[in-house]
Every structure is written in C-alpha cells, then in structure tokens.
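Visitor: Below are the chains, spelled out letter by letter.
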Amino acid sequence: AQSVTQLGSHVSVSEGALVLLRCNYSSSVPPYLFWYVQYPNQGLQLLLKYTSAATLVKGINGFEAEFKKSETSFHLTKPSAHMSDAAEYFCAVSEGQGAQKLVFGQGTRLTINP
Amino acid sequence: DTAVSQTPKYLVTQMGNDKSIKCEQNLGHDTMYWYKQDSKKFLKIMFSYNNKELIINETVPNRFSPKSPDKAHLNLHINSLELGDSAVYFCASSARLAGVTDTQYFGPGTRLTVL
Numbered sequence: 001a002q003s004v005t006q007l008g009s010h011v012s013v014s015e016g017a018l019v020l021l022r023c024n025y026s027s028s029v030p031p032y033l034f035w036y037v038q039y040p041n042q043g044l045q046l047l048l049k050y051t052s053a054a055t056l057v058k059g060i061n062g063f064e065a066e067f068k069k070s071e072t073s074f075h076l077t078k079p080s081a082h083m084s085d086a087a088e089y090f091c092a093v094s095e096g097q098g099a100q101k102l103v104f105g106q107g108t109r110l111t112i113n114p
Numbered sequence: 001d002t003a004v005s006q007t008p009k010y011l012v013t014q015m016g017n018d019k020s021i022k023c024e025q026n027l028g029h030d031t032m033y034w035y036k037q038d039s040k041k042f043l044k045i046m047f048s049y050n051n052k053e054l055i056i057n058e059t060v061p062n063r064f065s066p067k068s069p070d071k072a073h074l075n076l077h078i079n080s081l082e083l084g085d086s087a088v089y090f091c092a093s094s095a096r097l098a099g100v101t102d103t104q105y106f107g108p109g110t111r112l113t114v115l
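Residue numbers (this note's numbering), protein chains in the order written: chain A, 1 to 114; chain B, 1 to 115.
Treat the hints as calculated values from the structure; they're not laboratory data. Since the model is a prediction, treat every value here as computed from it, not as a measurement. Misleading hints may appear alongside valid ones.
[What the hints assert, rightly or not] If you anchor each label on the Cβ, the simulated ranges turn out as follows:
| no. | chain 1 | residue 1 | chain 2 | residue 2 | range |
| --- | --- | --- | --- | --- | --- |
| 1 | B | T59 | A | L20 | 31 to 39 angstroms |
| 2 | B | K22 | A | Q42 | 12 to 20 angstroms |
| 3 | B | K41 | A | G62 | 21 to 29 angstroms |
[Unchecked claim] Cut-off 16 angstroms, straight-line C-alpha distance, at most; resulting in silico cross-link-like pairs (EDC-like, lysine to aspartate or glutamate):
| no. | chain 1 | residue 1 | chain 2 | residue 2 |
| --- | --- | --- | --- | --- |
| 4 | B | K67 | B | E53 |
| 5 | B | K41 | A | E88 |
| 6 | A | K101 | B | E58 |
| 7 | B | K22 | B | E58 |
Note that the Cβ used here is the ideal one computed from N, Cα and C, for glycine as well.
Just chain B, with the same shape it has in the complex (with noise of 0.2 angstroms):
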C-alpha cells in the first residue's frame, strides 16, 4: 500500500549515459514533483507537475526532462549524466483541496552515483 513509490532505489551509472526514474503514487493527488538533495541534505524543487502540465521548472540543466504520462505517474529522463548531478532525488506528490495545494508527500528517495 505505498502511497509515492520510486524506481529504482539506487542508481550508479557512467558519465555521458542517459538514465530514468520513474515515480508512481497512489493517492489519486493531481500534482506531482521532483526534489533534489544533495552531498550536503540541501533540498531543492526541481520541478512540479499538475494533471499532466508543467507548472514549476526551477533553474535545471535541460538535460533533466520530467515526463508525466498520467497523472499518477511523474518520469525523470537525464541525459548525459555528469558528476555534479550525483545526489538522492524524491519524487512527491499532493491533492488540492477547496483550490489549494495540500501537503506535499514524499517517496523514499533514488539515490544516483554518477562515477
């Protein structure tokens, strides 16, 4: 019964390869997100998305390219991974209640090495 789950859980990989995460939940919420933490615990909105719509895209590199094939449903494809982008990435997601945003919850987290 895992309400945001993540796939994989750890990920090292070359640089210069391409790779994904995918991220599913399962409490019929419409907006969907990507975090960033890095070495240091420092948490970043990457990008959120709203029944399918891009409606936040902070200052990341375009190789980063969030898909959201359904609303349950929120991919991150990297292309040409690169050291720096090395950290753990949380997939979140929330409802909107009477026309707010509620709170966001998060999955367990995809930890990617990039050697």
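In isolation and in its complexed conformation, chain A is listed as follows (with noise of 0.2 angstroms):
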C-alpha cells in the first residue's frame, strides 16, 4: 500500500525566507503526487500534482515541487515566504491510476514570522 510521510510537523520560517516542506512516499507503482494548502477553518486547495510527465511541477502561489525518483520524495518549495503562506499543508498520493484514492501525510503546519 502507498504512504506519505510529511517531515516536521511543524515549520517556522521567517518572511521572505526559502520555504521548504518535505514529503516522501511509498508505492510499489509510477505515483501520481499532490501538494493541498488548507487555510484555517477551510478545504483543501490543490497547490500542485505530478501525474508523470515534468519533473518539476509549478503550482500557485508561488510554489513549486520536484519529483526525484530515486529519492522518492517530492518536496514542496517557495524562493521567498509572505505572511499569507502560512496554512497547514498536505503531501498526498494516489493509489492505483490517476487520483482515484488519496493518502494523505499527516500535514505540515507552516508558520511565517515577521
């Protein structure tokens, strides 16, 4: 069975400072990635997925990721945090073909300081 495992659950990071979350996963098959923001007392937003095709995937905001097999990992990056940033973030991979079924990682939670 697929895994996420998100390192750190918690992150602080100064404004204007590099972001850097973590996520590696487990699956026995080619893995379709994703990288969710939830705001306080909201859903989930999609940042970015990998489905198999560019390496490093650009999402919104700002954000982007990287795919490297080899490391089975793909971390969720930004040059440069704003206050707006910070959120609870989520790893994500799919079980099986497309994004049927999600397994989530257990969230990082993202702090910008001043």
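Two independent chains are provided; combine them into the complex using the hints.
Guide: Here it is in structure tokens:
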C-alpha cells in the first residue's frame, strides 16, 4: 500500500526566507503526487500535482515541487515566504491510476515570522 | 459559483443521535468522496462514488451510510453518533479525463461535534 511521510509537523520561517516542506512517499507503481494547502477553517486547495510528466512542477502562489524517483521525494518549495502562506500543507499520493484514492501525509503547519 | 458545497458547516449533537451531512458539486464531475479529518488533522478517505455507484468503501463503521441520489450529490448519514465521530468531514469530487481520475476538489468541510 502506498504511504506518505511529511518530515516535520511544524515548520517556522521568517518572511522572505525560503520555504521547504518535505514529503517522502512509498509506492509500488508510478505515483501521482499532490500538495494541498488548508487555511484555517477552510477546505483543501490544490497547490500542484505531479502526474508523470515534467519532474519539476510549478503551482499556485509561487510554490513548486520536484519529483525525485531515486529519493522517493516530492518536496515543496517557495523562494520567498509571505505572511499569507501560513497554513497547513498536505502531501498526498494516489493509489492506482489517477487520483482516485488519495493517501495523505500527516500535514505540516507552516508559520511565517514577521 | 461554489464548486463543492457542504451543509451544514457546523453540527453539534448528542451521543446516540442520527445526523446527515449534505454535499453538492456543480463541476459536472462524476466521482465524489467523503473524507474524515481527525483532531490531529489526519485525513483519511471513507467512501467514493462514481456515477452513483460505490467504488471505495474503507474500513468505516456501518453506522456511516453514504447516499448518492444523483452524480452531483453525495450525502453522509451517521446513525447512533459516538464521541469518536467528532471530526471535520470533507466532501470532494473529481472528473475522469482519458479514463484517468483527475484532481480532487474539496468542499469547505463540516465540523461535527458529538457531546
């Protein structure tokens, strides 16, 4: 069965600093990978997804992620953090073809310090 | 122009009661889902319906019964509510593109509190 591990349940960075949220996955088949963001008291919003095309994926709000098969990783980055980036971030892998059955990591809470 | 909507947003009820949460999507998707997010923010899929047919049924107590009257709606009925059912429940939907399930879009969530 597929699984996702997000390293660090809480990450804190200064405004303007690099954001790096780590995600490692386990999958016996080529995975589909996703990053979602959840703002307080809201639903999940898709940031970006990897579906076996380009390994460097660009998403919304200046985020991007790189699929590294050799490291089974899909880390999320943003060059310069903004206060509005404070939220919970979830990495997810799909079981089977497509995004039918998502398995989520435990989430990483990102805090931005002024 | 809400894509995936859920009602109610908040639900507070007593143990032993029966309650329903409704979900509607106006995206024209044919697959819908229910997820449970616990107090530690862990998200886990409960059910998935494709064109009103149940296709994913995780290990969920049979007190939980999804119902899909049409492909735009997926409701969740919970019987005999227990304290452990307190969570945020998210509905989601997705389309199928070239035979592959595409991105899931989530609703705003329903926070259920069982007293």
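Visitor: Could you check the hint for me, namely that B:K22 and A:Q42 are 12 to 20 angstroms apart, CB to CB?
Guide: Once the Cβ atoms are compared, 19 angstroms apart, the range 12 to 20 angstroms for A:Q42 and B:K22 holds.
Visitor: With respect to the beta-carbon atoms only, verify the hint that B:K41 and A:G62 lie 21 to 29 angstroms apart.
Guide: holds, 24 angstroms
Visitor: Is it true that the C-beta distance of B:T59 to A:L20 lies inside 31 to 39 angstroms, as the hint says?
Guide: holds, 34 angstroms
Visitor: With the threshold set at 16 angstroms, check whether the alpha-carbon distance from B:K41 to A:E88 stays at or below it.
Guide: Holds, at roughly 9 angstroms.
Visitor: Tell me if the straight-line CA distance from B:K67 to B:E53 falls inside 16 angstroms.
Guide: holds, 9 angstroms
Visitor: Is the straight-line distance between the alpha-carbon of A:K101 and that of B:E58 16 angstroms or less?
Guide: holds, 10 angstroms
Visitor: Is the straight-line distance between the alpha-carbon of B:K22 and that of B:E58 16 angstroms or less?
Guide: Given pair B:K22, B:E58 is violated - Cα atoms ~19 angstroms apart, limit 16 angstroms.
The structure fails to meet hint 7 from the earlier list, while all remaining hints are met.
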